[in-house]
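If you read the protein sequences in the order shown, they are chains B and Y. For the first sequence, this note's numbering assigns the number 1 to the initial residue and increments by one for each residue that follows. For the second sequence, this note's numbering assigns the number 1 to the initial residue and increments by one for each residue that follows.
Since the hints were derived computationally from the structure, they do not count as laboratory data. Any given hint could be a false lead.
Just a few of them, taken from the derived set where beta-carbon distance is under 8 angstroms, the chain B residues facing chain Y [to be verified]:
{"no.": "1", "residue": "T98"}
{"no.": "2", "residue": "N102"}
{"no.": "3", "residue": "V293"}
{"no.": "4", "residue": "V296"}
{"no.": "5", "residue": "I326"}
{"no.": "6", "residue": "T363"}
{"no.": "7", "residue": "I392"}
{"no.": "8", "residue": "M421"}
Glycine is no exception: its CB is placed at the ideal position from the N, C-alpha and C atoms.
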Amino acid sequence: MFSFTSIKNYHQFLAANTNGCVATVNNYLNIIKQKQHLNAFLEVFETDALQQAMLLDEKRKQGKPLGKLHGVIVAIKDVLCYKGHKVSAASKILENYTAVYNATAIEKLLKEDAIIIGRNNCDEFAMGSSNENSAYGVVKNALNENLVPGGSSGGSAVAVQAGMCMVSLGSDTGGSVRQPADFCGIVGLKPTYGRISRYGLIAYASSFDQIGIFANNVEDVALVLETIAGADEFDSTVSQQSIEEYSNLNTPSNKKYKIAYFKEMLEHDALDSEIKNSIQQYIQQLKNDGHEVEAVDFDLLKYIVPTYYVLTTAEASSNLSRFDGIKYGYRSTPTNNNLTDLYKNTRSKGFGKEVQRRIMLGTFVLSAGYYDAYFTKAQQVRNILYTKTKEIFKTFDAVIAPTVPSTAFPIGSASNNPVEMFLADIYTVYANLVGIPGISIPLFKHSNGMPFGLQVMANHFNELTLLSLSKNMMELK
Amino acid sequence: MQVTNEMINNLAHLSRLNFNEEQTQSIKADLEKMIAFVEQLNEVNTTGVEPLLHMGDAVNVLREDEIKGSINRNEALLNASDTDGVFFKVPKVIKK
C-alpha cells in the first residue's frame, strides 16, 4: 500500500502503477470514512473524484503529458467555488448553494490534473479562530480530539493532519491558515496579498483575504503555490508580477540570512512561557548556524489587532450585504410580505452569532459620525504599519515570530468575550494588515504533547526567499 | 463609549438584522467591549498620515472590452428560492 510523504514521491509511485490514481482515491475515501467523526469534511466528492482518477490513469497509459499536480488529492475549504458542487461558507444562509463557476485557484488545480476530494468544514464565513463557529459543528484536532484544530480553516488543516488528503486549500484573512497549521503540526502558507486570484473565494474582508495552502512539507506547498498563483482577468486586484519557480527550492542549505524578530512579540504577557523559551533557543540555534538574527522594536504591537478588527468588520459588513435571500441562498418567509422584513428575517436566521456581531461592529465603524474616528483612523494606522514594514525589509530577509500565543485549546473553553478571542490572532494579523507572505512551520513540541510552529514572514512577493528559508529551517530542526 | 438601545436599533436596521430584547442586550454588551477595544487606536499619533486605501501592487489593470458570455439565465436563477423562470421574485415593492 502506498504511503504518502510528498508529491514527488507519489509521482514516482504513479509512474509505476497504471491504476495508481483510482487506488489512491479509494484509499483516501476509506480514510475519510474512518475519520468521519473529526468532522473535517462537509461533503466528499466521491463520484467526481473517482471519475477524475480514472481519466488520469488513462492519460498516463496513453503517454499524454501530465499536469504538475497529476493525481494529487486536494481538499478545499468550504469558501471556494467548484462548479456544480455545493459551497456554503459553513453557514445556514448558503446551505443549498451550488457554485455556478470555478474559482480561479480551482480551475488551475484541475488544469494541472489535481483531484478534488471534498470540501472542508470551517468557521462561518471564515470568522473565527477555533472552528467552533461553523453552522455544521466543531472540527476535532486529530492529535487530541478534545482540542480545537484552530480556525477558521480548521477542517482543511485536520484533513492534511489526519492524512485525509495530500494538500488542502484554506483562506487566511487574519491567520486562518497559519494558526490551524500551528495547532495541527503541519505547514500552512499565506502568500502575499494579490499573489493568488480571489475570484471564486467567498469574501470576508477583501483587502485582507488570501487563499492559503496546507501541506506536510514546504516543497508541496511551493508546488501548489506555483500552480495556483498569478494574474487573472477575473480579479483586478491580483498582481501582474510573473510567478517565480517556487518549486525550485534548491537554495544551498548553507545560505545565510538576515532575520529580525520583534521584541514586543516575544515578551508579550499572553505568550506561553514554554513557546517563548523554545523560540529563544531556536534564535540562538539560528545564530550558531551562522544566520544574523536581530531584535527589532515594534511598539505598535498593541494596535495591530484593533486595526485589524475595525477594517475587517467594515469590509465584512459591506461584503455580506449581498446575502439578501433573493438571488441565492436561504430565504425566510416575511412576516408581513414586506421586502425589508424579508431581508431582515433572512439574515437574522441565516447568519450565526459571530457573523452578526462582526456585521454590527463593521456597520458601526462605517456609519455617519463615526467613519473618520474609527475607519479612517485604522486605515492611517495601517499605513504606518505598512511603511514600517517596508523599512524593516530594506535590512532583513525575513521576520520570525510565534504563530499563536498558546497551543491548541480545549473545545468549548473559549471565552464568550469577543475581545479575548481577538487576542489569539495577535501574531498573525500583522502579515494580513501589511500584505506580506507568512508561513507557519511545525518545528516544536510542547510538554503538553501538542505541536506548535514558528512563523516566518518575508517581503511582498518574496515567496521564494520565504519558502527556501523555511525549507532550510525544517532541515535544521 | 456608551452604546444605547437606540444605537443598536439603528445599526441593526442598517445591517438588515433583527434582534429581540434579549439579543439586543447581549449585542449591546458585546459592542461596548469591542468599541472600547478598538478605541485604543486613539493613542496612536496619525497626524499627517494618509489612510491606506488599497492593498497590493495592481494599478489600473486594463483589458480589451470584448463581448463575452458569463453565466446563462438558468445558472443565474439556479440558486434563487423564488423565480418565475425569467426573473427573481420579491414581495411587492410598488404599491398602487
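Exercise. Of the hints given before, which are not true for this structure?
Worked result: Hints 2, 3, 4, 7 and 8 contradicted; others consistent.
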